[in-house]
Amino acid sequence: QQQVKQSPQSLIVQKGGISIINCAYENTAFDYFPWYQQFPGKGPALLIAIRPDVSEKKEGRFTISFNKSAKQFSLHIMDSQPGDSATYFCAASLYNFNKFYFGSGTKLNVKP
Amino acid sequence: DVKVTQSSRYLVKRTGEKVFLECVQDMDHENMFWYRQDPGLGLRLIYFSYDVKMKEKGDIPEGYSVSREKKERFSLILESASTNQTSMYLCASRVQSTNEKLFFGSGTQLSVL
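Here the protein sequences come in this chain order: U and A.
So in the working numbering, spot 67 of the first sequence is number 67, and the numbers just go up one at a time.
When you read off a place in the second sequence, starting at 1, and then add 1000, the result is the number in the working numbering.
Fair warning: there could be bad hints in the mix.
To be verified - These stretches of chain U come out as covered by chain A in the derived footprint (C-beta under 8 Å, 3 or more residues):
1) 14-23
2) 40-48
Stated by the list, open to error - Dumping the calculated DSBU-like pairs for lysine-lysine here, alpha-carbon to alpha-carbon at most 35 Å:
3) LYS42(U) x LYS1057(A)
4) LYS107(U) x LYS15(U)
5) LYS99(U) x LYS1057(A)
6) LYS1071(A) x LYS1053(A)
7) LYS57(U) x LYS68(U)
8) LYS58(U) x LYS1101(A)
9) LYS1013(A) x LYS71(U)
10) LYS5(U) x LYS1057(A)
11) LYS1101(A) x LYS1071(A)
12) LYS57(U) x LYS99(U)
13) LYS1053(A) x LYS57(U)
For the record, the hints were derived by calculation from the structure and aren't laboratory data.
Ideal placement from N, C-alpha and C gives every residue a C-beta, glycine not left out.
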């Protein structure tokens, strides 16, 4: 049973558009929600993360929206660029961070 | 910058072989992890180690074992490789407790024939 469900599996966006990736979780004990970005041939790298005490976090063109009551969080990429083309993973972790539960991944293709 | 190095980028092995995947980190991190990445399944935790000689099972430990004799090195062992262990294997490390961030290696694509 997957602890974190991610959608869509793949996404095509035009340059300058908004990319939106959604994740949902069941365990209300999760305390930390990161997004990782993975380019082909590379390992995932931390992009942005949020804790459940805030509803939104923004870093440059990347924003996490968090809805605690709905147990959902999403990644918004504003003004999407071809260089953003990558696979994105959401994740959730308990307070001790020893276990991260990853979503299934979204392959984003930003067309020029 | 933290560097997590996995010894092989691609590996091809035969069914029944014993396989060693090696991972080295250069930042004195206490915690190290082995994940398996499969299309449509995301990353799944196989084992993690919170200190030298200390290990804990993840979500899919069956068919795998690990070794951590030195702080910087974490090895994943496939005792008798099977075709369903064909996958991308990712090693990660992080600072204990105070830092949630995982640092990943570039991965080893293992094919078991």
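Consistency of the hints with the structure:
1. 14-23: violated (count 0)
2. 40-48: Answer holds; 6 residues pass the 8 Å Cβ test.
3. LYS42(U) x LYS1057(A): holds, 25 Å
4. LYS107(U) x LYS15(U): Holds - the C-alpha atoms of LYS15(U) and LYS107(U) are around 15 Å apart, at most 35 Å.
5. LYS99(U) x LYS1057(A): holds, 10 Å
6. LYS1071(A) x LYS1053(A): OK: LYS1071(A) and LYS1053(A) at ~9 Å, within 35 Å.
7. LYS57(U) x LYS68(U): Given that 35 Å is the threshold and the Cα spacing comes to 14 Å, the pair holds.
8. LYS58(U) x LYS1101(A): Holds, because 17 Å separates the two Cα atoms, which is no more than 35 Å.
9. LYS1013(A) x LYS71(U): At roughly 42 Å apart (the allowed maximum being 35 Å), LYS71(U) and LYS1013(A) break the hint.
10. LYS5(U) x LYS1057(A): OK: LYS5(U) and LYS1057(A) at ~22 Å, within 35 Å.
11. LYS1101(A) x LYS1071(A): At roughly 18 Å apart (the allowed maximum being 35 Å), LYS1071(A) and LYS1101(A) satisfy the hint.
12. LYS57(U) x LYS99(U): holds, 23 Å
13. LYS1053(A) x LYS57(U): This hinted pair is violated, its Cα atoms lying about 38 Å apart.
Going down the numbered hints, you'll see the structure goes against 1, 9, 13, while the others check out.
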